[in-house]
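*Asks:* Construct all of the structure, not just a fragment, from the sequences and the given hints.
Protein chains in written order, with this note's numbering: chain A, 1 to 230; chain B, 1 to 230; chain C, 1 to 254; chain D, 1 to 215; chain E, 1 to 215.
A portion of the hints provided could be inaccurate.
Once the Cα atoms are required to be at most 27 Å apart in a straight line, the calculated BS3-like pairs of lysine-lysine come out as [said to hold, decoys possible]: (1) Lys-91/E x Lys-95/D; (2) Lys-54/A x Lys-122/C; (3) Lys-207/E x Lys-176/D; (4) Lys-54/A x Lys-54/B; (5) Lys-195/B x Lys-122/C; (6) Lys-30/E x Lys-176/D; (7) Lys-30/E x Lys-207/E; (8) Lys-181/C x Lys-54/A; (9) Lys-195/A x Lys-54/B; (10) Lys-195/A x Lys-195/B.
Derived by calculation from the structure, the hints in this document are not laboratory data.
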Amino acid sequence: MSNIARSTHPGLMAYVRRDVSLSIRSNSGAYAPLLFFCMVCTLVPISISPNPQKLAELAPGIIWIMALLASLLSIERIFVFDYEDGSLEQMLIAPNMMAFPVLGKIIAHWLVTGLPLTFLSPAIGLMFALPNNAYGPMILSLAAGTAYLSLVGAVIASLTVSLGRGGFLISLLAVPLYMPILVFGTSTVTYAVAKMPWSAPLATMGAMLAIALVLCPLLASWALRVTNGG
Amino acid sequence: MSNIARSTHPGLMAYVRRDVSLSIRSNSGAYAPLLFFCMVCTLVPISISPNPQKLAELAPGIIWIMALLASLLSIERIFVFDYEDGSLEQMLIAPNMMAFPVLGKIIAHWLVTGLPLTFLSPAIGLMFALPNNAYGPMILSLAAGTAYLSLVGAVIASLTVSLGRGGFLISLLAVPLYMPILVFGTSTVTYAVAKMPWSAPLATMGAMLAIALVLCPLLASWALRVTNGG
Amino acid sequence: MRKLGRKWRWFHRMGSPRWFYEITGGWLPWLIPLAFSLLAIGLFWGLFLAPPDARQGQSYRIIFVHVPASFLALVGYYVLAIAGAVGLIWRIKMSFILMKAAAPIGAALTFIALFTGAIWGKPTWGTYWVWDARITSMLILLFLYLGVMALQRALVSTDTAFKASAILALVGTVNIPIIYKSVDWWYTLHQPATLKLTSSSTMHIEMLQPLFFMICGFYLFYMLVLILFARLEILQREKSSRWVRSLVSEDCVI
Amino acid sequence: MVFPLPNDFLLEADDVSYVRDDMIIFEDVKLSLSEGEIVHITGPNGCGKTTLIKILTTIITPTRGAVYYKGRSASDVRYQYLSDLLYIGHKTGIKSSLNAEENLLWMAAADGIEDNRIVLDALSMMGFDSGLCHRPCGQLSAGQLQRVALSRLVFTEKHIWFLDEPMAALDSVSIKAVNQCIASHLERNGAVLITSHQPIDFHPVRKFELTNWCL
Amino acid sequence: MVFPLPNDFLLEADDVSYVRDDMIIFEDVKLSLSEGEIVHITGPNGCGKTTLIKILTTIITPTRGAVYYKGRSASDVRYQYLSDLLYIGHKTGIKSSLNAEENLLWMAAADGIEDNRIVLDALSMMGFDSGLCHRPCGQLSAGQLQRVALSRLVFTEKHIWFLDEPMAALDSVSIKAVNQCIASHLERNGAVLITSHQPIDFHPVRKFELTNWCL
Ligand code: HEM
Ligand SMILES: Nc1ncnc2c1ncn2[C@@H]1O[C@H](COP(=O)(O)OP(=O)(O)OP(=O)(O)O)[C@@H](O)[C@H]1O
Ligand SMILES: Nc1ncnc2c1ncn2[C@@H]1O[C@H](COP(=O)(O)OP(=O)(O)OP(=O)(O)O)[C@@H](O)[C@H]1O
Ligand SMILES: [Mg+2]
Ligand SMILES: [Mg+2]
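*Replies:* Written out as structure tokens, the structure is:
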């Protein structure tokens with residue numbers, strides 16, 4: 001009896017599916033971080049300058065900062081609801097490596113935050129008069145970069161999960177860790193705008209992503225155990 | 001006996017004191033929105049440009065956007081904790097005009113968000129090489145503007161309170177309403193930078209603040225009643 | 001209940017979804033052909049008969065969709081807000097139903113206005129998007145519509161959803177003039193008016209006539225869709241009532 | 001109804017109905033409460049006990065019907081009514097970052113009590129260990145938290161008590177303490193409306209059975 | 001301990017102590033559970049019942065002592081032990097945006113059950129009205145929610161059940177249903193560890209009294 005239960009326990013993909021559908025069901029919907037991204041991007045021309053030339057200069061940095069914020073502000077919720085309703089305790093006593101469910105949840109977070117944001121970024125680029133040759137690098141850097149943000153953010157979120165809505169605490173802890181990827185991400189795009197070879201920063205991002213993909217789920221599940229008293 | 005209870009029921013100032021002390025006690029502390037403001041402002045030179053001249057140009061807009069975000073992201077929590085722990089129900093059956101407690105909570109929100117942020121803004125301005133003559137108008141516009149943001153945001157927060165952490169929904173609803181104050185706020189500062197008379201936009205902000213001060217607590221308490229089934 | 005005066009009785013009967021459903025059922029046979037024929041005439045006239053523009057050539061013809069859509073997108077918000085206010089003040093359910101119906105239509109029209117404007121911008125301004133005062137405030141209008149829809153959808157209890165989104169619509173109305181003013185003012189501050197929408201006074205009379213048809217057609221079309229959406233909502237909300245059940249058993253289609 | 005009902009009930013629900021999302025929760029509920037009386041609302045899970053209490057406390061507006069306080073519509077004498085009622089629901093309004101004493105002091109302020117001696121006495125009467133007083137309430141066990149919330153009963157001066165499952169999570173010692181509070185309140189001519197799935201042992205308790213309309 | 005204890009208890013807590021923030025919650029607790037046995041943990045509020053259950057389920061690591069599963073340290077045979085236990089605590093792990101069926105299906109997947117017929121049967125056995133199935137769980141009453149959570153008991157194939165105050169908020173009909181589940185589980189040689197402030201009416205129930213160390 002125990003063997004059956006073990007082999008069929010919901011694994012990585014089940015968690016991905018569940019979390020994606022949960023955030024689609026949730027009140028604000030899966031499009032929420034996307035909306036935030038759009039809303040905040042529209043603030044920029046209004047408060048800084050509507051001049052297309054100036055906007056084009058700002059575009060890479062602004063798009064990247066806003067993507068970072070959208071990811072940062074939604075990562076808080078990756079574990080906190082599970083903590084509050086008791087699902088996290090059930091996850092802790094599930095008979096499998098906890099890193100898999102955790103990775104599943106991280107992937108789900110990226111699927112509802114980073115990925116749609118990446119797809120939407122060309123529209124924002126258009127509105128910000130970004131030059132044509134920058135779109136490709138922008139999309140690639142955002143796709144890899146937001147995945148990294150989700151991974152690293154999850155570790156921070158698992159450390160602060162027992163604080164309830166730690167809210168801004170998470171931003172204090174996460175922003176320093178996010179900085180390197182922000183630098184490489186914006187350089188990829190600004191290099192492309194300046195018609196310089198942009199593959200070096202992008203490759204660095206890829207390498208960082210690969211390392212994070214291995215380490216972060218392990219670290220996050222460890223942190224979850226510790227913060228729950230284990 | 002009922003009269004005593006009525007006259008002594010915690011009023012506006014009691015709520016201000018309580019909410020301020022609650023957010024000082026909370027895990028992330030009262031300094032949280034402030035930290036967020038600082039963290040995010042530091043991202044700008046990294047991702048856009050460290051050039052002081054460019055930064056000076058961006059400064060009014062960036063400072064204002066980040067102040068708006070800090071206010072927006074913290075206003076969500078003005079009623080949601082009270083909703084979750086049942087304090088809001090107790091507020092609804094308190095024998096006094098509900099607009100007073102609500103105004104008290106709004107003032108408390110401003111005291112822990114808008115006001116410290118206003119005091120901190122000169123430091124950010126300094127880092128962004130803002131010209132000297134712009135500091136006064138910046139402080140004045142931020143003080144009035146963040147108060148307006150807290151007031152209008154509270155109405156939106158009360159509409160979404162029953163959605164739990166509606167999270168980003170609040171940003172969709174609030175940002176359009178925040179736009180005018182953003183325009184006037186940044187204009188005040190940019191006028192000052194350009195050595196033009198900046199009293200007109202500031203006066204407009206003052207007028208908007210006065211109207212919001214009267215209407216928003218009423219609207220918010222009405223909305224709280226409605227969203228709780230009344 | 002207090003005895004109602006005659007006027008008030010009429011007012012409250014109008015608030016009954018069933019009354020609305022029955023009366024608008026009689027309008028539909030007129031409204032549908034009228035709206036579609038006006039649209040057809042306007043489109044045909046505008047696209048094929050009207051002369052090309054002196055400066056813009058053929059591309060200006062998008063005006064026949066763009067202007068009516070922009071116009072009704074603005075009007076639509078007032079419909080939404082007034083319906084919400086009436087519902088809140090007089091507690092009329094029908095008014096809330098109309099408000100709920102008005103939101104997606106308004107959002108769609110706003111989106112059409114933005115989309116056609118963007119398409120038009122490419123040949124005339126050489127770019128799809130520019131942060132012009134009018135365009136920006138149109139974008140904000142879209143957000144306002146989306147906000148009302150999202151709140152409506154998110155609140156599960158229908159009564160609460162109606163009241164809350166009505167409050168939101170009201171707050172938005174207060175803000176629309178402020179938004180418009182502020183954005184207008186912001187634009188003129190930052191950038192000299194290099195790009196300006198061609199003013200209607202310069203428009204040729206032969207272009208104005210089909211435009212007039214299109215605007216009337218859009219108006220009727222708006223009414224039509226609003227009524228259809230409201231009827232659908234009524235059927236959904238009153239599905240357990242006797243009159244809707246008998247309707248369904250008669251195999252009536254909306 | 002235009003005229004107030006000619007009676008002396010402290011509280012009366014007159015043909016109250018509530019419909020939520022096209023589902024009738026209950027219909028035409030008639031309920032009255034006099035001074036010195038305790039009414040125990042019973043009924044299966046989901047029959048609408050919590051909803052009824054929230055309607056009586058004016059948090060929720062009923063679809064039809066009205067609540068009368070001393071013969072006058074509760075919405076007419078709203079503030080007078082509200083300043084005379086105490087409601088402790090499933091969610092008790094305790095802040096998890098404040099400790100027990102601070103929480104209770106805030107609640108006591110609603111009764112015009114600013115004295116922390118009274119509050120500490122109330123806590124010890126409910127069997128709340130004074131050694132826990134310095135801890136934020138978020139670190140208390142389920143029962144300890146409920147004890148803190150119910151300490152209000154010791155010092156409140158409100159007339160009508162609405163208690164929604166106050167005994168859940170309490171051990172037998174604390175249940176006795178709560179019962180004692182209720183008994184002395186009834187003696188002082190107070191009125192209590194209580195829901196509980198556990199039996200309540202007062203002799204003159206009037207049961208009010210809500211049937212399950214949903215089914 | 002280096003060697004596994006030479007006995008056949010299904011579960012055993014061996015001199016478990018727990019200290020939280022320099023406060024001793026309990027010390028040297030010895031507890032054993034055999035197949036077909038039900039143990040009722042009692043004690044006043046705050047004596048550490050919930051903490052003890054969390055230690056037994058390995059969520060919390062004890063300060064001293066260890067838990068043994070079939071004579072071997074639970075941390076050594078961790079996955080085997082975990083795949084044999086079921087824990088329903090104060091917080092039940094129900095998602096408020098999913099409906100009852102969806103919630104249970106997810107939980108059933110942990111037992112290798114993918115059949116929604118089984119889940120629906122379980123719900124109706126716990127007296128959960130099928131008309132409520134389409135509603136998100138956030139819209140259920142306190143007792144209805146608890147019924148959904150406890151429906152797991154009907155179909156689970158786990159051996160050891162840990163139930164932390166399962167009866168809170170339940171009406172008498174559902175309490176009977178839960179008791180029935182437990183009874184048939186015991187007959188099938190399962191083991192149950194339960195905390196409850198209400199009396200539990202099985203005849204061979206073994207009480208385990210936790211004393212309040214804090215005081
Ligand atoms: C995305 C971009 C655009 C948006 C959001 C937009 C929005 C609007 C709005 C709100 C109106 C007012 C409707 C009314 O009050 O009757 C309007 C009218 C008009 N637009 Fe656009 N527009 C856009 C692009 C363009 C472009 C590119 C052109 C052509 C160069 C254009 C030409 C016109 C004209 C001729 C009118 C009618 C003039 C009037 O009645 O004042 N628009 N547009
Ligand atoms: N998160 C926490 N942090 C610190 N102390 C805690 C925490 N949770 C519980 N405690 C303390 O640990 C002790 C045991 O708590 P526990 O929840 O195990 O009690 P319990 O026996 O389940 O009580 P109840 O009958 O009220 O449910 C209590 O004194 C409580 O104050
Ligand atoms: N927020 C809500 N939205 C929609 N329906 C709800 C909501 N809360 C409760 N209900 C429904 O209303 C009915 C009455 O709920 P209520 O909480 O009043 O029951 P109750 O008698 O207190 O039950 P319990 O004994 O379980 O506490 C239930 O059928 C429930 O499903
Ligand atoms: Mg209840
Ligand atoms: Mg416990």
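*Asks:* Take the hints in turn and mark each one as holding or not.
*Replies:* Against the structure, the hints come out as follows:
1. For the given pair, Lys-91/E sits about 18 Å from Lys-95/D by alpha-carbon distance, which is consistent with the 27 Å threshold.
2. Distance restraint check for Lys-54/A and Lys-122/C: the Cα-Cα separation of roughly 20 Å lies within the 27 Å cut-off, and the hinted pair is therefore satisfied.
3. Between Lys-207/E and Lys-176/D the alpha-carbon distance is near 22 Å, which keeps this suggested pair within the 27 Å criterion.
4. A distance of roughly 10 Å separates the Cα atoms of Lys-54/A and Lys-54/B; the hinted pair therefore holds under the 27 Å criterion.
5. Distance hint between Lys-195/B and Lys-122/C is unfulfilled; the C-alpha atoms sit about 37 Å from each other, more than 27 Å.
6. Pair hint Lys-30/E plus Lys-176/D does not hold up; C-alpha atoms about 30 Å apart against a cutoff of 27 Å.
7. For the suggested pair Lys-30/E and Lys-207/E, the alpha carbons sit about 13 Å apart, so the restraint of at most 27 Å is met.
8. The straight-line distance between the Cα atoms of Lys-181/C and Lys-54/A is roughly 24 Å, inside the 27 Å bound, and the hint therefore holds.
9. Annotation: proposed proximity of Lys-195/A to Lys-54/B holds, straight-line Cα distance about 21 Å (limit 27 Å).
10. Of the pairs offered as hints, the one joining Lys-195/A and Lys-195/B is violated, with about 38 Å between alpha carbons and a cut-off of 27 Å exceeded.
In the structure shown, a violation is registered for the earlier hints numbered 5, 6, 10, in ascending order.
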